[in-house]
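Chemist: Below, each chain spelled out in residue letters.
Number of protein chains: 2
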Amino acid sequence: MERIEHHASLGGRQEVWQHASTTLGCPMRFGVYLPPAALRGERCPVLYWLSGLTCTEQNFITKAGVQQHAAQHGLIVIAPDTSPRDPDGTLGVANDPAYDLGQGAGFYLDATQSPWAAHFRMESYVVQELPALVETHFPATAQRSLSGHSMGGHGALTLAMRHPGRYASVSAFSPIVAPSQVPWGQKAFAAYLGEDRSAWAAHDAVALIAHAAERLPLLVDQGEADDFLATQLRPELLQAACAAAGHPLTLRLHPGYDHSYYFIASFIGEHVAWHAQALRARLL
Amino acid sequence: MERIEHHASLGGRQEVWQHASTTLGCPMRFGVYLPPAALRGERCPVLYWLSGLTCTEQNFITKAGVQQHAAQHGLIVIAPDTSPRDPDGTLGVANDPAYDLGQGAGFYLDATQSPWAAHFRMESYVVQELPALVETHFPATAQRSLSGHSMGGHGALTLAMRHPGRYASVSAFSPIVAPSQVPWGQKAFAAYLGEDRSAWAAHDAVALIAHAAERLPLLVDQGEADDFLATQLRPELLQAACAAAGHPLTLRLHPGYDHSYYFIASFIGEHVAWHAQALRARLL
Chain A
1 MERIEHHASL GGRQEVWQHA STTLGCPMRF GVYLPPAALR GERCPVLYWL SGLTCTEQNF
61 ITKAGVQQHA AQHGLIVIAP DTSPRDPDGT LGVANDPAYD LGQGAGFYLD ATQSPWAAHF
121 RMESYVVQEL PALVETHFPA TAQRSLSGHS MGGHGALTLA MRHPGRYASV SAFSPIVAPS
181 QVPWGQKAFA AYLGEDRSAW AAHDAVALIA HAAERLPLLV DQGEADDFLA TQLRPELLQA
241 ACAAAGHPLT LRLHPGYDHS YYFIASFIGE HVAWHAQALR ARLL
Chain Z
1 MERIEHHASL GGRQEVWQHA STTLGCPMRF GVYLPPAALR GERCPVLYWL SGLTCTEQNF
61 ITKAGVQQHA AQHGLIVIAP DTSPRDPDGT LGVANDPAYD LGQGAGFYLD ATQSPWAAHF
121 RMESYVVQEL PALVETHFPA TAQRSLSGHS MGGHGALTLA MRHPGRYASV SAFSPIVAPS
181 QVPWGQKAFA AYLGEDRSAW AAHDAVALIA HAAERLPLLV DQGEADDFLA TQLRPELLQA
241 ACAAAGHPLT LRLHPGYDHS YYFIASFIGE HVAWHAQALR ARLL
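Those protein sequences? They're chains A and Z, same order as listed. Sequential numbering from 1 applies to the first sequence in this note's numbering. Sequential numbering from 1 applies to the second sequence in this note's numbering.
It should be emphasised that the hints constitute simulated quantities derived from the structure, not laboratory data. No false leads were mixed into what you were given.
Quick look at which bits of chain Z chain A covers, simulated, 3 or more residues with Cβ under 8 Å: (1) 1-13; (2) 65-75; (3) 259-268.
Just so you know, even glycine gets a beta-carbon here, dropped at the ideal spot from N, CA and C.
Make a model of the complete structure from these sequences and hints.
Modeler: Printed below as a string of C-alpha cells:
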C-alpha cells in the first residue's frame, strides 16, 4: 500500500492510495477521505462510493464536494476506481475500445466469461478485499454504507441486495436499475456473464427486488434532464418493482438536472446525512 | 455569444459561454453561475474569479464547490479562462511550450512586448470587456467583487488596486503577491512587459500597496504546506507592505493545506460570505 496523494480538506484529509489487488490481479487506486474525527483518532463508519462509466477514483473526490459533509458527519469516504487497470498493457487485463466495456466499465460484478473473468472481479473487490483493507489500515469501523452514480448506482443497489446485512444503508444517483433491459447493461452483461440471460437477473436491481432478503430502504435521486433517462436508466422500472414487492423506495425526480457531477454535488449532502443516520443506528 | 454548457446546480444553473473577444482577438470561454435568485428574475451582484496557471474556465466551476455558497448568497459567479487561446493555431496568438508563459498564463495584464502585445490583454478583458458583456446579457447588477487563486490571486489583488472604486471587495487564495521578486512573475513580466523593471511595479501587489488610492481590505488565505509558498508566493512580503502602508489585511495561514483545489474548496464558503457582505453594502 502506497499513499500517492494527500491533501488537507475541510479539516480532514483527502488521500489517494495504490495497492496490489489480489482479487483483480493489478494495482488499484482508491480515494480515502478521513474526516477530522478520524484524524483525532476516533474510529469512523465508512461510506463506499461507486463511480460511473469512464471514471477513475478521481472524479468523485474532485467534483462532488463530499468532503464538507463527511467532515460534518464524521464519515470516512472510500472511492475506488471503476475496473481493473493495465495502463502499460503488461498484466493481461482485457480491454475494449468502447467507453462502456472493459477498463473503466467494470459494472461491479465478477465476470464469468473469457477474456474478462481473470481480472474483472469488481464485486469481490468492492465487497470483500477493499473493506478488509480499509478496516485494517484506516481508523474505520465495520459499519458500511454504499452509494454510487449511474453504473455505480447499479453497483450500489445490486451489491447491497446481494449481500444482505453487510450495508447499513444504500443510495444511488441516476442509477442503471434494470441492466438486463437497457443497452449499456445488455452489452456489458453479454460480455461479462455470457449470452444466457438466466445469469443476468442476479445482477439486476429490478430483478433482485422481488426476492430481496432484506428490505433495506432505497434512496434514489434522478435528474429529469438526464440524457440517459429514457434509454439507459428508466427509474420507473425500479419504482414498479419496489411497489410490487413492497420494498421501501424514496425516488426523487429533479426537474432540470442532468447526468453530471453538478447534479451529484447538488444532493450529495442529503445522501451523506441519510447514510450517517443509518450508520449511527447500526450496531457493530 | 453562444452557450456551450448548461447544468442545473444547487437550485441555480452553471453555464459556460463562448464569445468573440474584441479585446483579445480570439474566442473566449467563461463560466457563469446563475443563483436561484437570478433564475427568479432578480438582478444579482457578481463575483469574478480569476484562476491560476494552466487553468481554463473549467477548473473553478467543477472543483471549488462555489455554487452552494453563491446560491445561498444570491451571487452570480463569473470564471473566465486564463489567457487568450488559439487551439487551431490560426489566429496568431503567441504561445510558449512552458506551462508558466503564454496560453494558460496571461497574468491578468496587458502585454506591451512582441509577440504578446497583440492578444495578451487580460487586464482590459477582465476589467472592461467581460463585465460589460455580463451586465448586458445576464441579470447582473454593476456591483462587482474579485477573487482568485495563485496567478489569479495576483490578478485579483492588482486589478482591484489598479481600478479603485470598481470592486466592492477583493480576496485571494495562495496569491503571487510580489511577482517582481519571484521566478514565475519575473519570467512573465520580462516577456510581457519587457526587461525594464520600472514597468513592473504597476502590476505588483506589494509595490502597489504603498500607493493604493483606496484602502480596500484584503482577505488572503494561504496553505502552509503549499509547495510554492517559499519560492513563488511569499505572503510575508504582502504582510510587511500592508503593515508599512497601514493597508487592512486579513492573512490566514492554514497548517497542512496545499496549493490544490481541495484548499480552495475548504474556504471558498468564507470568501463568498465576505464578498456577499461587501456587495450588499455597496451602493449601485
